[in-house]
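Enquirer: Assemble the whole structure, with the sequences as input and the hints as a guide.
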Amino acid sequence: MISRRTFAALAASVALAPSLALAQDAPAPFDNPGQVNIALVRYLSTGDFFQAYLSGVEKQAAALGVNLQVFDSRQDAALQADMVDQAIALGVDGIIIQHGLTESMKEAAQRAVDAGIKVVAFDVNVENPKIPQIEQSDRDLARLALEAALADNGNSFVAGYVYVPGIAPLDRRDETWKKVKADNPGINEVAMFGTLDNPIANSVANQARSVLSANPNIQVMFAPYDEFAKGVKIAVDEAGMSGQVSIYSADISTADIQLMREPGSAWKATAATNPAVVGEVSVRALAMLLAGEDPGPQVIVPPTLITQKMLNDLDIKNMEDLGAKLPAFAHADVAMTPWMKLPPR
Amino acid sequence: MTSLSPTDLAIRYGFLLLMAGMIVVFSLLKPAFLSPQSAVFILQSVAITGILALGVTATLVVDGFDLSIGAVATSAMMLSAYVMVIWEMGALTAVVLCLLMGAAVGLINGFLIVKMRVPDLLATLGMMFLLVGLQRIPTAGNSISTGMVLADGRTATGTFAPEFLMLGRHRIDFILPDLVPLSVVVLVVIAVLTWVFLELTRHGRVMYAIGSNAQAAALAGINVAGYRVLAYVISGVMASLGGILLAARLGRGDVASGNNLLLDSVAAALIGFAVLGAAKPNAFGTAVGALFVGILLQGLTMLNAPYYTQDFIKGAVLVVALVFTFALSGRSGRARR
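These protein sequences, in sequence, are chains B and W.
Going by our numbering, 396 is the number at position 118 of the first sequence; the sequence numbering is gapless.
Going by our numbering, 523 is the number at position 162 of the second sequence; the sequence numbering is gapless.
Don't take each hint at face value.
As the list claims (entries may be wrong) - For each label pair, taking beta carbons as the anchor points, the in silico distance ranges come out as: (1) W:V479 / B:P494: 51 to 59 Å; (2) W:V681 / B:R623: 54 to 62 Å; (3) B:N495 / W:E560: 40 to 48 Å; (4) W:L389 / B:G542: 33 to 41 Å.
Claimed, not checked - Computed far set for chain B versus chain W, every beta-carbon distance over 10 Å: (5) G312; (6) A340; (7) D363; (8) D449; (9) R450; (10) E453; (11) G472; (12) A483; (13) K508; (14) S520; (15) G570; (16) D572.
These are computed hints drawn from the structure, not numbers from a lab.
Positions of the beta carbon are idealized from the N, C-alpha and C atoms, including for glycine.
Expert: Here it is in structure tokens:
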């Protein structure tokens with residue numbers, strides 16, 4: 279039997295546990311974080327998503343007090359592999375590989391592991407069991423957006439789809455779209471289009487105008503990338519079809535929030551992971567490896583569904599509001615340990 | 362020029378016939394293609410590249426080349442967004458500053474090429490990289506939109522002025538209500554002005570003279586350096602105008618390199634060589650070239666053709682047009698030596 283006193287002691291210790299945990303000293307090498315050097319080796323860097331990802335990496339690295347060095351290969355796969363070698367030569371303790379091609383990064387990543395460096399990879403499969411994969415779950419993103427589309431429009435509608443094959447996250451989102459179509463035979467996909475010509479929104483708008491005039495009966499546009507959704511929205515507005523077409527997408531930015539909140543906007547919902555949170559998680563997973571802990575082979579950052587109604591009801595104006603008012607968006611409780619220091623909010 | 366052989370006829374009217382044939386085919390396959398709305402959005406889709414292409418034409422006329430136009434356009438887009446969203450100034454200020462920026466870039470390009478003797482491709486290539494980087498420095502690589510958080514922690518409260526957005530979005534009643542977007546009107550006005558300038562004014566003729574033989578033109582007492590700088594200023598201003606229309610359509614400052622804008626507009630200007638057998642850069646040809654690419658891409662999109670086939674066909678058209686220019690009209694084809 280538990281006596282009242284032991285119960286009280288237990289309760290007290292439970293209540294104290296979090297503060298004790300916070301006070302817990304960080305394990306080596308984070309007892310002296312100024313000596314820890316990590317490198318971020320990037321393949322993609324242009325655009326709001328990658329900018330926000332970088333800010334997340336920087337903030338989490340600063341919170342831990344480690345030194346961060348950023349290598350940016352700007353979509354040059356060979357250069358990215360060279361940069362990993364450069365980081366090895368500089369003697370960093372840990373490397374985050376952000377995007378890239380499996381073929382070019384696999385061996386470079388192995389060389390880093392062989393040199394005793396801890397490595398994590400975000401959104402690139404380097405086929406190495408020693409390297410944890412950080413992922414924003416693209417399938418979950420697409421699933422959340424499509425569930426919203428089905429909830430709003432029933433399971434039978436005429437759809438247009440924006441897709442460019444060969445881009446890994448878009449391919450994964452495409453798998454979900456195919457599955458949802460198979461499960462809901464009432465979905466009639468009459469048009470598939472898409473381009474990555476930049477400015478992407480402008481090029482997609484031109485295409486979407488043609489598609490809408492060739493298929494004026496479209497009710498749902500699935501545009502699983504926010505640049506696509508922006509383009510489709512421009513076309514829908516120009517065609518005067520905002521009342522009839524609903525847009526469902528993935529990803530979010532401050533500009534997207536403004537567009538979704540325009541009166542009568544056709545952009546109904548988007549599913550997104552916060553790129554800054556993904557950046558923070560990448561650093562935390564690497565920190566766990568450096569401290570000798572195991573973040574697991576896959577670290578998945580869960581996405582959030584963001585609807586037009588949510589944004590209006592909570593009066594969310596930008597990404598900061600979104601983080602503040604939708605806590606699920608501001609912090610993902612993955613790759614966490616008791617000693618982990620989080621960036622201030 | 363009294364009687365034309367079949368080859369001459371093919372060279373003169375082949376491209377226009379091809380375009381007419383294309384319209385017929387698309388209309389048969391997709392009846393929606395042949396509607397006033399469809400015609401208007403094809404024009405709208407080529408408005409921005411068309412204006413840029415007319416700027417490129419001006420530099421091609423003096424036997425130069427401007428690789429920086431795409432970057433000028435996206436810089437103007439970022440600048441207009443910066444002026445209105447962060448500095449919270451009006452539409453007029455934004456437009457004026459963008460045009461000044463375009464003119465300044467043109468002046469610098471001209472200075473580098475004429476005074477510093479840097480080859481045109483290299484000078485404008487350098488300018489392209491410079492601008493792609495420069496436009497991102499003020500916002501640390503982020504796109505600009507209302508509500509964005511600035512470096513000092515404030516939230517940007519400025520918005521795109523409605524008059525500015527009208528440039529890309531307002532529609533004028535023409536045959537049908539709300540039919541023609543302002544950007545199309547701007548394109549048509551610019552095309553006519555460029556045509557008049559290049560074909561009918563002394564300045565335009567002088568620029569062609571410089572393009573075909575700069576030394577002879579200089580010996581004839583023409584201010585060659587001045588006209589070459591002018592060509593780059595025209596190109597810069599047109600590119601910034603294209604950027605303004607782009608910003609007005611997108612409603613935000615979008616981080617983009619503008620390389621596709623550059624390639625599409627150069628393609629339009631080069632296709633223009635083939636129109637009416639001109640075998641030289643010309644405003645009418647450039648406008649038709651831009652329209653040709655627009656019709657092709659919109660028609661193919663209506664038929665659900667994926668983007669890579671569109672790139673393929675765009676390339677094929679360009680190659681055919683260049684063959685028209687350089688092989689078939691070989692006798693007069695000394696366009697770019």
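Enquirer: Does each hint fit the structure? Answer for all of them.
Expert: Here is how each hint holds up against the structure:
1. W:V479 / B:P494: 51 to 59 Å: holds, 52 Å
2. W:V681 / B:R623: 54 to 62 Å: At roughly 59 Å between Cβ atoms, B:R623 and W:V681 fall inside 54 to 62 Å, so the hint holds.
3. B:N495 / W:E560: 40 to 48 Å: Hint holds: Cβ distance 46 Å, inside 40 to 48 Å.
4. W:L389 / B:G542: 33 to 41 Å: About 36 Å separates the Cβ atoms of W:L389 and B:G542, which means 33 to 41 Å holds.
5. G312: Per Cβ check, B:G312 is outside 10 Å of chain W; nearest 26 Å; holds.
6. A340: Non-interface label on B:A340 holds, nearest chain W Cβ at 16 Å vs cutoff 10 Å.
7. D363: holds, 26 Å
8. D449: Given a closest Cβ separation of 14 Å, the condition holds.
9. R450: Holds: least Cβ distance 19 Å, greater than 10 Å.
10. E453: Consistent with the label, B:E453 stays out of reach of chain W, its closest Cβ about 18 Å off (over 10 Å).
11. G472: Incorrect as stated: the minimum Cβ-Cβ distance to chain W is 6 Å, not above 10 Å.
12. A483: violated, 7 Å
13. K508: violated, 7 Å
14. S520: Nearest chain W Cβ is 13 Å from B:S520, so the label holds.
15. G570: holds, 35 Å
16. D572: Per Cβ check, B:D572 is outside 10 Å of chain W; nearest 34 Å; holds.
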